[in-house]
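Start from the sequences and build out the full structure, keeping to the hints where you can.
Chains S and U, in that order, give the protein sequences. Mapping the first sequence onto the working numbering, position 169 (from 1) lands on 597, and the numbers just tick up by one. Mapping the second sequence onto the working numbering, position 29 (from 1) lands on 14, and the numbers just tick up by one.
Since the hints were made in silico from the structure, they are not lab data. If you're wondering where the values come from, they're calculated on a predicted model, not measured in any experiment. Any given hint could be a false lead.
[Stated by the list, open to error] Computed Cβ-Cβ distance ranges for the label pairs, DEER-style: (1) Arg23(U) to Gly545(S): 35 to 45 Å; (2) Ser498(S) to Val265(U): 21 to 31 Å; (3) Asn580(S) to Val353(U): 38 to 48 Å; (4) Ile645(S) to Ser262(U): 30 to 40 Å; (5) Gly505(S) to Val253(U): 19 to 29 Å; (6) Val642(S) to Phe356(U): 33 to 43 Å; (7) Ile383(U) to Tyr646(S): 49 to 59 Å; (8) Val265(U) to Trp510(S): 16 to 26 Å; (9) Val331(U) to His512(S): 31 to 41 Å.
[What the hints assert, rightly or not] So these bits of chain S aren't anywhere near chain U, every CB distance computed over 10 Å: (10) Leu519; (11) Leu524; (12) Leu579; (13) Gly603; (14) Leu607; (15) Gly608; (16) Tyr646; (17) Leu647.
[Unchecked claim] A few chain U residues facing chain S, derived, Cβ under 10 Å: (18) Thr236; (19) Phe238; (20) His283.
Virtual Cβ for every residue (Gly too), placed ideally from N, Cα, C.
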Amino acid sequence: MATTVHEPPRIEDIRDPARVSSGSGTGDWRNLVPEGGDLRRVQEYAPPPSSTAIWVLLAAISMSFAALTSALVVRKGGAVDWRHFTLPSILYWNTLVLLASSITVEIGRRRVTAFMGGLRGTVEASARWLYATMFLGLLFVAGQYFAWRRLNAQGLYLATNPSSSFFYVFTAAHGLHVLGGLAALVRVIYKLNDFSLRRSTFDATARYWHFMDVLWIYLLLLLWMKL
Amino acid sequence: MLRFRSVRNIIRFQGEHMHDMSARTHVAHHAPPTGFIRKYVFSLDHKVIGKQYYGLALVAVLIGMFLSWLMRIHLGWTNYPIPGLHLLSQNGAPGDVMTPEFYLQLMTMHGTIMVFFVLTTAPFAAFGNYFLPIQVGAEDMPFPHFNMMSFWVTFAGFIPLIASFFVSDGPTLGGWTQYAPLSAVGSVGGPGEGTGVVLWATSIALFCVGQLLGALNFITTTLDMRTKGMSLWRMPLTVWGWFITSIMGLTAFAVLMPACILLILDHVAGTSFFVPSNLVINDQLQAHSGGSTLLWQHLFWFFGHPEVYIAIVPGMGIVSHVLITNLRRPLLSHRVMVYSMGALAVLSYMVYGHHMFVSGMNPVSSLVFSFPTLVITIPSTIIVLIWLGSLYGAKIQINSASLFALGFISMFISGGVSGFFLAQPSIDIMLHATYFVVGHFHMVMGVAAMFGIFAGTYFWFPKMFGRMMNDTLGKLHFWLTFVGTYCIFMPFHYLGLAGNIRRYPAFVADYMQPFIPVHKFITVAALATGAAQLIFVYNLIHSRYWGAPAPENPWHATSLEWSTPSSPPPFDNFGGTLPVVYHDPYQYGVEGSSGDYVMQTSPEKIQTKSDEA
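This is the structure:
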């Protein structure tokens, strides 16, 4: 039971005392009441909400795929009817496409940051990398569809066997999330052309896109090992 | 080459890292909407969305209660015709007499509606949406469009559930847990097991999406939108409750949604995730094979157990908040309370297997799940002891809100004690399929959470509508509900100990005949307690339009929702300026302060003794 004296917060900005920001949700520094007089404890970084939200969203998506993974493990563990099939080789090309799209979105992010900072470039040159990302993303989705057609040609449909069921469920769920990422990219490009893009929005979109990449590699390994 | 439209646009992008005032220009949703649709229907305002959730919960709870009435009448007076019953079901009530299948359909819908659309939406989504941003001093949630989608997707989830009453063989009869394989084989599993289950799973999957969007907003609001001076430990216990609940919701609903999709696929696509091999139903060998029935139970209860804490933890926050205000002193420990709620959240994921003691799961697993189930009673007990210790020797102000807060504690203890018995597999095997379990969860999770909703309603109504609720009617409502719910659910425990099996639509076996008078008593109590809720509905509607105008801070409370410029608060909550927070949330009766309480926004210098330093 320590005794503390609660005082009004002193507005103390380490970097520029003339500028006083008001705190919530702006990515500014939020002034908290000094408890022990330690300036470093006075302020707490308040990140822009989208950079928190993206981790929250990725946590939820991870939980969903963890649930599906556990379903696969349990279903396979007790199955007598599990039939192995070889993954269509186009999946590996799709993986390369998705990896390439991660690189292009990262280059685009750096270009846009440099451009918006007034350093160099034009909006078209920056946006070009985002269009390239979108193209690669669409190519990936088309490639996944092509992989489905390959399996169909082998007579493997959603209900044919539990292994093919899980293949379709995982690839469809991941594909839908990639389409969601494409929608986010469209929004980023729109906002870039409108000059209303915020860095946190773009960063969050790029993180999501990289996560789709990581998730796909995980799924590919899982399907490769388990199917 | 395009040119920058203005320097401000550059700053908007860079400002987040350049630490510039101009970064605040992005808050563009400040002008209140004018059109009817934007103002009341597709509103982006967290306060309107909160009220929409409350309205949805109110409609849902009246439907759910009505269904329970029908079940109770049937249990007390089996095979008596209930006039008009045939209107609810095409072939479930020939001659207005309830068939066993229709009883199970009513039971399923009662459970689903109550757990999802009442106990989750009201204390968490409704009050959380309305008061979480205000209590942390934010103008709104960071993603108002997601917030609007959250409500409307939830609403869209409610429609297929209600619509299932009107499909040919009615809603599903599988219980709110929807156990496989009967839930996954289609209409051969019984009436409603075809279309009914698909509608049910669609409804729940949509509900999950809605709650995930809500949780996203709750978490980011709590972490990023707090106003100046609002450190984490200065958040009221309500905010802690909603924050912890939203983390639980995020992980739990994210598991239920894919489970529902797999269930739908078993129906419409012919997969067999949950249907085992060689399953014969009604002399028909099922086409599915190889699935795992336990898989559904694992996926469901991984969500299902956190779900009961999703229902109760916001109530704990609300009850603590209301109690403190009426005790005029803080709880014994703010931090231990928060840590205990957090411990409940963490442990709630480790105990889910206790729902499956009788499922045929490996007995070793039962032991493994039994241990954390007993451990989780420790934080629960700590929370109760903090309340009781804070009540000890206090002069509590008696009003409708504080009565319901006390009622919550009473229900939580009475219902919680039976949990000790059920946590042990050896006893649970005896009691699992009896009314003992029904009494247990109705008291500890159903009625207790309802009391939390009532306490919150009586407490916050002045803020939400600018008018006071009638306190006399509120107290009458409390006593009738309090006595009534004990009359309903305490006998459930005795019935269960005596071996009265649950989920039976009628009790025809000889040894059950002595229980019939008890069931009749429970039915009368249920009808009376349900009717008493009409007092609440009347009070709600009457006070909304004709109640006495509410003073600025009717309960002399300290938290930020009482420092808004008006009741209800203006569109941006604080009228253009954000509050600055100087104090811990519950500064009551501080020696040397100018009054009985110090608002969080009061710049007064005070000396406090607390465990918060």
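Verification of the supplied hints:
Distance hint check for arginine 23(U) and glycine 545(S): the Cβ-Cβ separation is about 36 Å, which falls inside the suggested range of 35 to 45 Å. At roughly 29 Å, the beta carbons of serine 498(S) and valine 265(U) sit within the given window of 21 to 31 Å. Between asparagine 580(S) and valine 353(U) the C-beta distance comes to about 43 Å, which sits within the given range of 38 to 48 Å. Checked against the hint of 30 to 40 Å, the C-beta distance between isoleucine 645(S) and serine 262(U) comes to roughly 34 Å, which is consistent with it.
Take glycine 505(S) and valine 253(U): their Cβ atoms lie about 26 Å apart, and the range 19 to 29 Å holds. Judged by the Cβ atoms, the range 33 to 43 Å given for valine 642(S) and phenylalanine 356(U) holds: they are separated by roughly 35 Å. In this structure the supplied range 49 to 59 Å holds for isoleucine 383(U) paired with tyrosine 646(S), their Cβ-Cβ distance being about 57 Å. Taken as a hint, the range 16 to 26 Å holds for the pair valine 265(U) and tryptophan 510(S), whose Cβ atoms sit roughly 22 Å apart.
Distance hint check for valine 331(U) and histidine 512(S): the Cβ-Cβ separation is about 39 Å, which falls inside the suggested range of 31 to 41 Å. The Cβ of leucine 519(S) sits about 21 Å from the closest Cβ of chain U, beyond the 10 Å cut-off, so the non-interface label holds. Against chain U, the non-interface label of leucine 524(S) holds: every CB pair exceeds 10 Å, the least being about 28 Å. Every CB of chain U is more than 10 Å from the CB of leucine 579(S) (nearest about 15 Å), matching its label as outside the interface.
The Cβ of glycine 603(S) sits about 14 Å from the closest Cβ of chain U, beyond the 10 Å cut-off, so the non-interface label holds. Look at leucine 607(S): its CB is around 16 Å from the nearest CB on chain U, clear of 10 Å, so calling it non-interface holds up. Residue-level check passed: glycine 608(S) sits 12 Å from the nearest beta carbon of chain U, beyond 10 Å. Interface exclusion of tyrosine 646(S) from chain U stands, the closest Cβ pair being 15 Å apart, more than 10 Å.
Every beta carbon of chain U lies more than 10 Å from that of leucine 647(S), the smallest distance being close to 13 Å; the non-interface claim holds. At a threshold of 10 Å, the smallest CB-CB gap from threonine 236(U) to chain S is about 5 Å, leaving the interface hint in force. Checking phenylalanine 238(U) against chain S by beta carbon gives a least distance of about 8 Å; that is within 10 Å, so the hint holds. The interface hint given for histidine 283(U) holds, since its Cβ lies 7 Å from the closest Cβ of chain S, which is under the 10 Å cut-off.
Comparing the model with each numbered hint stated earlier shows that all of them hold.
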